[in-house]
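Just so you know, the sequences run in chain order X and G. Each residue of the first sequence is one higher than the one before, starting from 1 at the first, in the working numbering. Each residue of the second sequence is one higher than the one before, starting from 1001 at the first, in the working numbering.
What the hints contain is simulated information worked out from the structure, not anything from laboratory work. Treat the hints with care, as some may be off.
As the list claims (entries may be wrong) - Under 8 Å between C-beta atoms, here's a sample of chain G residues computed to sit facing chain X:
hint: 1; residue: Trp1038
hint: 2; residue: Gln1042
hint: 3; residue: Pro1055
hint: 4; residue: Pro1116
hint: 5; residue: Thr1142
hint: 6; residue: Val1163
hint: 7; residue: Ile1164
As the list claims (entries may be wrong) - In silico DMTMM-like pairs for lysine to aspartate or glutamate, Cα to Cα no more than 20 Å straight-line:
hint: 8; chain 1: G; residue 1: Lys1108; chain 2: X; residue 2: Asp107
hint: 9; chain 1: X; residue 1: Lys106; chain 2: G; residue 2: Glu1070
hint: 10; chain 1: G; residue 1: Lys1108; chain 2: X; residue 2: Asp139
hint: 11; chain 1: G; residue 1: Lys1105; chain 2: X; residue 2: Asp139
hint: 12; chain 1: X; residue 1: Lys106; chain 2: G; residue 2: Glu1043
Glycine is no exception: its CB is placed at the ideal position from the N, C-alpha and C atoms.
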Amino acid sequence: MENRAKSSQLFMAFFRVGILGFGGGPSSIPLVQKEVVDKFGWMTLEDFGDTIALANTMPGPIATKLAGYIGYRVGGIRGCINAIIASVVPTVLLMMLLLGVLQAYKDIPWVQNMSNSVVPVVCVMLAVLTWNFIKQSTDSFGWVKGLLLIVVSILLLEVVGIHPAILIAVLIVAVFIPFKKKGDGEKGSE
Amino acid sequence: MIYWEIFLAFFISGILGYGGGPGIIPLVQEEVVERYGWMTTQEFGEVLAIANALPGPIATKLAGYIGYVEGGVLGSIIGLFAAVAPSLLLMLALMAILMKYKDSKQVKNISKVVKPVIAVLIGAMTLQFFFESRGLLGDLQTIFIMGIAFLMLEKWKIHPAVVIGLALVYGGITGYILK
Chain X
1 MENRAKSSQL FMAFFRVGIL GFGGGPSSIP LVQKEVVDKF GWMTLEDFGD
51 TIALANTMPG PIATKLAGYI GYRVGGIRGC INAIIASVVP TVLLMMLLLG
101 VLQAYKDIPW VQNMSNSVVP VVCVMLAVLT WNFIKQSTDS FGWVKGLLLI
151 VVSILLLEVV GIHPAILIAV LIVAVFIPFK KKGDGEKGSE
Chain G
1001 MIYWEIFLAF FISGILGYGG GPGIIPLVQE EVVERYGWMT TQEFGEVLAI
1051 ANALPGPIAT KLAGYIGYVE GGVLGSIIGL FAAVAPSLLL MLALMAILMK
1101 YKDSKQVKNI SKVVKPVIAV LIGAMTLQFF FESRGLLGDL QTIFIMGIAF
1151 LMLEKWKIHP AVVIGLALVY GGITGYILK
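Could you build the full structure based on these sequences and the hints that come with them?
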């Protein structure tokens, strides 16, 4: 019976994280910490910090990486699936509901105008997100190198027209090629 | 085959996106709008807006919803699986090894080196939405709504869900009056 109690704790923990976290996965990290470290004590703070650091070195959505990994540590494969479902499914259902309603009345002009008016807001949110990523780039590489990398990326992606997937894959591989001796200057950031 | 395409679309964007869900958005757009043509930029913008207004991880909201639109409930499950499973399996498999190398420069560099690319991709999307908005609403309204939205989000720190809600109300009212 202890198992069942743990399963429902796991579910509730990640259900709360999913339903209370706005702004995507990264902004829900503190909520995960509250549940996992403070409330249920499944991990120490240090353990949790290491997990975040490593989760960030890997691709993909952070929220589900955390839910899956922590769920797995707490309750094996079942815990992993449990935590993922809890963090993901409720909000996907909400999406379907809201967008379903919006789609159904799409042909009414003022409803159409409602969805039009959201476009500039999305534009602002994306602009802010762009700025965040620019800042992160220049924080870790310095202004000159960071901006240079951004300009090169613009040329490759928008002018030459390389598929982003290919560029990212090449960069990841390049990190592990040991030939660059000059690269030592990179860690001048901290 | 649609299920395979759904899988590929969210597999590729999930496994190459750095910076968590938000960093994945432009890659999803690349697949969904540019490659497979499942949605127009505007439709994608709508989905993105609602996704931003709702809580929870953004990547899975996109995968689950777009998978559902293209392939029903099974499509939704496949989209979610493709977005979640590969990076999670990678994490489960590599965690033990990476713990040992967590301070190594290479491991730290992976996510750094990709950030400028993501910045450019999201920047390009921003421009696209800007032009889209000018086409739909005209210059004046675009600038007006963007200005207000910026102040609300960044200066007054109003919750994104509220700002999107207000934009919907504004659009409904102006659309109703002007029509």
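- Query: Which of the numbered hints are not met once you compare them with the structure shown?
  - Reply: Per hint list: 1 and 8 violated.
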